[in-house]
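Enquirer: Fit chain B to the known structure of chain A by using the hints.
Protein chains in written order, with the working numbering: chain A, 112 to 464; chain B, 7 to 272.
Simulated from the structure, these hints should not be mistaken for laboratory data.
Footprint (simulated), chain A over chain B, 3 or more residues, beta carbon under 8 Å:
(1) 96-104
(2) 112-118
(3) 172-183
Derived pair list, reagent style SDA-like, types lysine to any residue, alpha-carbon separation capped at 25 Å:
(4) K357(A) <-> D85(B)
(5) K138(B) <-> R362(A)
(6) K186(B) <-> E140(B)
Every residue, glycine too, gets a C-beta built ideally from N, C-alpha and C.
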Amino acid sequence: MDRMLKEKLLFLFFRLCALIVVATLVILVGYVVINGIGVISWSFLTEFPRNGFTAGGIFPAIVGTLYLISLVLVIAVPIGVFTAVYVVEYADQPLIDLVRLRAWMHRVAVRLHLSTSAASTRPPKPKKHRVSSWMRRAAVRLHLRKSAEPTHPPKPKKQQKRASQRLFYRILRIVITNLAGVPSIVYGLLGFGMLVIFFHLGYSLIASAITLAFLVLPLVITASREAIEAVPYSVREASMALGATKWQTIRSHVLPYSIPGILTGVILSVSRAAGETAPILLTGAIVLKQTLPSSIFDTFMALPYQLFVLATQYSDATRPMQYGSALVLLLMVVGLNLIAIIIRNKYRKKYRW
Amino acid sequence: MDGSISVSNLNVWFETNHALKDVNLNINRNEITAIIGPSGCGKSTFIRCLNRMNDIIPKCRVEGRIEVDGEDINDKKMDVVEVRRRIGMVFQKPNPFPKSIHENIAYAPRLHGREEASTGKGSGPKRKSFTKQEIDELVEWSLKRAALWDEVKDRMNKSAYTLSGGQQQRLCIARALAVKPEIMLFDEPCSALDPIATAKIEDLLVDLKKDYTVVIVTHNMQQAARVADRTAFFYLGDLIEFGETKQIFEKPLQKLTEQYITGRMG
Numbered sequence: 112m113d114r115m116l117k118e119k120l121l122f123l124f125f126r127l128c129a130l131i132v133v134a135t136l137v138i139l140v141g142y143v144v145i146n147g148i149g150v151i152s153w154s155f156l157t158e159f160p161r162n163g164f165t166a167g168g169i170f171p172a173i174v175g176t177l178y179l180i181s182l183v184l185v186i187a188v189p190i191g192v193f194t195a196v197y198v199v200e201y202a203d204q205p206l207i208d209l210v211r212l213r214a215w216m217h218r219v220a221v222r223l224h225l226s227t228s229a230a231s232t233r234p235p236k237p238k239k240h241r242v243s244s245w246m247r248r249a250a251v252r253l254h255l256r257k258s259a260e261p262t263h264p265p266k267p268k269k270q271q272k273r274a275s276q277r278l279f280y281r282i283l284r285i286v287i288t289n290l291a292g293v294p295s296i297v298y299g300l301l302g303f304g305m306l307v308i309f310f311h312l313g314y315s316l317i318a319s320a321i322t323l324a325f326l327v328l329p330l331v332i333t334a335s336r337e338a339i340e341a342v343p344y345s346v347r348e349a350s351m352a353l354g355a356t357k358w359q360t361i362r363s364h365v366l367p368y369s370i371p372g373i374l375t376g377v378i379l380s381v382s383r384a385a386g387e388t389a390p391i392l393l394t395g396a397i398v399l400k401q402t403l404p405s406s407i408f409d410t411f412m413a414l415p416y417q418l419f420v421l422a423t424q425y426s427d428a429t430r431p432m433q434y435g436s437a438l439v440l441l442l443m444v445v446g447l448n449l450i451a452i453i454i455r456n457k458y459r460k461k462y463r464w
Numbered sequence: 007m008d009g010s011i012s013v014s015n016l017n018v019w020f021e022t023n024h025a026l027k028d029v030n031l032n033i034n035r036n037e038i039t040a041i042i043g044p045s046g047c048g049k050s051t052f053i054r055c056l057n058r059m060n061d062i063i064p065k066c067r068v069e070g071r072i073e074v075d076g077e078d079i080n081d082k083k084m085d086v087v088e089v090r091r092r093i094g095m096v097f098q099k100p101n102p103f104p105k106s107i108h109e110n111i112a113y114a115p116r117l118h119g120r121e122e123a124s125t126g127k128g129s130g131p132k133r134k135s136f137t138k139q140e141i142d143e144l145v146e147w148s149l150k151r152a153a154l155w156d157e158v159k160d161r162m163n164k165s166a167y168t169l170s171g172g173q174q175q176r177l178c179i180a181r182a183l184a185v186k187p188e189i190m191l192f193d194e195p196c197s198a199l200d201p202i203a204t205a206k207i208e209d210l211l212v213d214l215k216k217d218y219t220v221v222i223v224t225h226n227m228q229q230a231a232r233v234a235d236r237t238a239f240f241y242l243g244d245l246i247e248f249g250e251t252k253q254i255f256e257k258p259l260q261k262l263t264e265q266y267i268t269g270r271m272g
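Just chain A, same shape as in the assembly (with noise of 0.2 Å):
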């Protein structure tokens, strides 16, 4: 074939995969925003439904879906964060300092011990006893496997720790890309059982939130881990060499410095958290509720939800509510993820290279 031939046809082709993509949208987008449109009104916004989804408005579900990203954003952005924080600076240091849990769990049970054997006096309080003694035992267990080991010189010791670190590093990146991986339903299903049976929350709100959390943490670590890598070491050493603390560097320095890359992750997390069905079904979202939540333990109402509830289950007399609901959500969530570019914009003027 003429070579210019084909070239001409392989550009087609790429162009028509690039167009597909973005008729997908459009035409979605579209769709949506031209069924819904008609609908939306002062008072779809702010009401109750009434007769069975065919009157009145989504206001319940629009509070419920806002309540709940706030929340979600409340858990796992600090996590996340922190993890972040913790992969980056801190993961050649142990996750827990074997040493120096020795020496707490020793001053620990020392005193606890002292203050059963002086207080002889009052009565004996057996319980306190029992930890003091069980603290001691683990101590100098740890002690006899400290000293079990052949003495040998400080390097290989230091090798053997930092390999261990290394491990635990390599163990905490693995499980934060599979977390990214994990069907949204089998998140659904850890909620439903560890936080609404396990740990009593019931259909509630904050169990919902929290498994949400559980689902954007991998998108807010990983995009603030990029942030804050990518926050040159000169300015670390910089910051150090004038006498700050590792903390302040962070706190002063890498953070500030890595918000915008941070809000990349809030972004991400907002449109994930407002979409998502399948956890909040089996963790706290109900079709209809004639209140708002009272509180973080209430059940709640939620957009994607009760979408799905009326294309499944209700007739067809619901559709202006259900295309007024999509048109919602759609806003929502391109409104708050406009909010987070703004401020994300602003800082990126705010520390300019």
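Expert: Frame of chain A; chain B shown alone:
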């Protein structure tokens, strides 16, 4: 508090690599001491020992005594933060924070606060925070001391990255001076700068030695000859020769030094 440094039996390992071997060296106050040598000879490693910057490199082990005013700063019990506050450092590439010029300098003083006048040296580090005016004065003083004030006084709130490379490096010097150290360490401060900016930094170094102990690592021998009072020559982790700059460059005692100075090696 005079800022003299006395290094004895200093050894540094990076894992199994013996980077500095039994270095013994005395650095006097109010002098510029230059460290020269070919790449990888340990000169940067050496200067980073002087303010414990090697601590932040995980696989590095430093042994030996480094006495500053008679106190061993390499002691594990020594407060690293305090060491770095007393011993400032300027790096190879200018590394200002991506903040305003004012913020760059105000950062460290705000962090450390000011020593209470009533607290003696022995008592705990009682520190008071600066007032806004004191910070402003300190910023101005530091910038003047680093010969940058006239160039930046009208744009203190602009990002430090709007400055030229040479100005950025002087900003980094001002930033280090704002902590009021006794000793200033320079790790190849001019290697990323053009000759005019280099000349300005060199003038500044000579000016700084009136008040500080200055140690400078350089791979530019002419620079060492121009500014340093004493020069140390390192080769493969060994301190080969240390003496008056004039003597090192005109009558080196060691054959290795002579070879390096005359450009037959390194």
